[in-house]
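Guided by the hints, dock chain P onto chain L, whose structure is given.
Taken in sequence, the protein lines are chains L and P. All residue numbers for the first sequence refer to our numbering, where the first residue is 427 and numbers rise by one. All residue numbers for the second sequence refer to our numbering, where the first residue is 427 and numbers rise by one.
All clues given are correct.
A pair holds if it fits inside one copy or across any two, identical chains being indistinguishable in the list.
DSS-like cross-link-like pairs, simulated, lysine-lysine; straight-line CA separation at most 30 Å:
(1) 526 / 505
(2) 475 / 615
(3) 774 / 818
(4) 859 / 895
(5) 515 / 539
(6) 485 / 740
(7) 685 / 774
(8) 765 / 482
(9) 435 / 809
Treat the hints as calculated values from the structure; they're not laboratory data.
Number of protein chains: 2
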Amino acid sequence: MSGKKQITKRSENYSDWYLDIVHVADLADYSDVRGCMVIRPYGYAIWEKFQEILNKKIKETGHKNAYFPLFIPKSYLSKEAEHIEGFAKECAVVTHHRLKATENGVEVDPDAKLPEELIVRPTSETIIYASFAKWINSWRDLPLLINQWANVVRWEMRTRPFLRTTEFLWQEGHTAHMTSEEAEEEAKKMINVYADFCRDYLASPVITGQKSESEKFAGAMHTYTIEGLMQDGKALQSGTSHHLGQNFAKGFDVKFSNKEGQLEYVWQTSWGVSTRLMGQLIMTHSDDNGLVLPPNIAPIKVVILPIWKDEESKNKVMDFANELFDNLGDLIGDIELDKRDYLSFGEKSFEWEKKGVPIRVEIGPRDLENNSVVLVRRDKLEKVTVNINEVKVEIPKLLVEIQRNLLEKATEFVKNNSHVIDDYDQFKRQLDKEIPGFIYSFWCGSKDCEEKIKVETKATTRCIPFDQKEESGNCILCGEKSNKRIIFAKAY
Amino acid sequence: MSGKKQITKRSENYSDWYLDIVHVADLADYSDVRGCMVIRPYGYAIWEKFQEILNKKIKETGHKNAYFPLFIPKSYLSKEAEHIEGFAKECAVVTHHRLKATENGVEVDPDAKLPEELIVRPTSETIIYASFAKWINSWRDLPLLINQWANVVRWEMRTRPFLRTTEFLWQEGHTAHMTSEEAEEEAKKMINVYADFCRDYLASPVITGQKSESEKFAGAMHTYTIEGLMQDGKALQSGTSHHLGQNFAKGFDVKFSNKEGQLEYVWQTSWGVSTRLMGQLIMTHSDDNGLVLPPNIAPIKVVILPIWKDEESKNKVMDFANELFDNLGDLIGDIELDKRDYLSFGEKSFEWEKKGVPIRVEIGPRDLENNSVVLVRRDKLEKVTVNINEVKVEIPKLLVEIQRNLLEKATEFVKNNSHVIDDYDQFKRQLDKEIPGFIYSFWCGSKDCEEKIKVETKATTRCIPFDQKEESGNCILCGEKSNKRIIFAKAY
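The shape of chain L in the complex, shown without the other chains (with noise of 0.2 Å):
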């Protein structure tokens, strides 16, 4: 990725401009690692506001924070057979504890052979339900509501930044409760904190809903997601929640006694987002002049860049332009004066537009002089001149503005890319398009159709939407009887 700050139009080629965006905003970077990335710290600062807002969500949703271990024993990936074949083919395995010195460097000294492997946890239900089972006694110590922030690897095999890399940040939310009934409804409503918050920060649609069974996490009863609808026509699973039933409970022994002294084995959930977000993020808003970030979730919400000629006029410029600074920071927080005199205004202007930056303040000695500053809104690119003294006033409500605008479009998007097919030629010819985009159609539910689809358009179900109106109609494929539209769709 070095050097390259030229961005790829996405009508050229959707996967270099995405590659692109994640270099020239200075996001992430490879490393020398398969399939790693190093976060950079204007990335890193995007991801903080989002554990920032969504661990103020967990608490008040009253779960609690706690910290598993980082490696798992192999047996214990043994105790829950759907989890294990959906997870251990693609694990980091620890086998050795200790490096010797050799003429050439280091290497493995065989000595040090662990006497059970150790995994990298690609997820935690089977160390953190240890846990559990020696927590949970009684009823009374249930629900037990637990987060964990965490990172976790998966051996990919085709990665991208943010997107699917071998190692990623994720929270990890677990519960056991006393009845299935509660587990359900706490599975639900993780799923919609999701959406709510891709909605509410991100001004990223997503639509809830429930897993197939062979989409279903490895290990779950059910598992609900939030998909959405990046430019592309592709869809992003960008968030999950399992009601896990007693599976792994009954692998883990995770039992407590009843308010009648039985001994039952609990009710459980777990859910997650990741760094995958900042890829449905990126795909959500950015376009061919690099990122575009919602105000909610920007760490620098508005950028002043005064402009100078001579001595004189600087200071005059960089007068006013403080005194912005410090009565605008007091009132929106994340804002940045841009000082740096080695590069041009126009240098400095691309750079915050590559980044997404929602509101760039350009001040000018010609614009104090008409007594007004300029301001740029990078979602439309276009500029708005402002009374200086009203300045204070505009930029928030502009930032309301864009944030309004994003949501919109992006609904819009999703909106105009949804389609109601019940004809499977139709279907197929839809999936051609270059924005296939969601379709909806009845489906059968049986594993069969869904696979021959998968093989003959590649296309996948994506989810069965809470939201839909009573209707029925027949399996697209095989015409069977059915009262449930699935979306189907080209995914990442």
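Below, chain P without anything else, positioned relative to chain L:
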């Protein structure tokens, strides 16, 4: 640790006492993974306080957070000669990337051997400076001030919760500068940030100073440290800051073009504190009744314990308790109202005492009749009766007083157990005492003397304190001239 709820007395067995505190205060559990602990919600809530405060201080001093890969290619470790000596011996090594299912569960797939083994980071100098080499071109890119919050792994033979665990959580700062002087200033600034944090939040006075050559960080030019004195008279190193010189810059080719356009290697620092600070917090203040938390770091500063006999008195007491909870919550935050009715008042009171909550507010029907409530301060285990009209004023005042008292008591302890000794027999006698403490003695600076003293007394050099008067004397062992005292102590 399960089940046991009694606390061993410090005087009986200090080490067992420590483990008991960790257990009864619900701070951490052992896991099935050798040397790895589970940080329980209450323990993690304290760690989150550490993070929140330190993160703010790290940002205020100009650093930005980022995130680098968990895995380090084996070859990276060979690039700085001393570094590999120090860290290669105790690493978790990832050799394979897949498991396969067998009849007996799962085993490592021999076909999935990595071409180059990956080390789970024991510290991140190498992987971070590989990025620095890409990010730094010109003197304008300097100083580069980066921090990372992460988990790290060191394969330890003997572990103890928080004090020494195979996996632990920490922050690691990494900076690059144009000159040695700037790097020196940075290294000192950050050790002082740590010392201030310990004093102002943990109420734990630490000595700041410089490590000897043999005790410095593997790869550093020199290392600064904070050293605390625990209640058993042993020293705990709980934070370090390293001036790395150009050692790593040369290994990873981190160069910048200076103002004259010539290429130079950068000067670097790194610095970190970890969950070990939790051990320091525990061992500085806790007593035979459990954990004692300074208000400035307590996740729960005040707990309200309502007492009632019948429904009528319950209503009155709960009305008052709820109102106090709301008012006080707005004022000081971090407050808890214990409404549990299935535990006796004694059980609840005992639980909060063990968890070290600074103030318990006891409210019963008789108290309300007398227009008073009882405040129990955890540091002195004293009860204070306060008029109900004054409680909102008295509680914040008492929190300040508890914080002050804990710092004073800890400072007094360090003072009383710091000994200036110039005679080796007296030196040895002091180290044989029950509370050996800090010993300030002249030392010639030779590794030989340091090593001999260690073998003979088990005391190691802790640091050459920054704060010492100008004087000269003779090495405590060999008698050679010296003009600096160094602190010797038995250490964790």
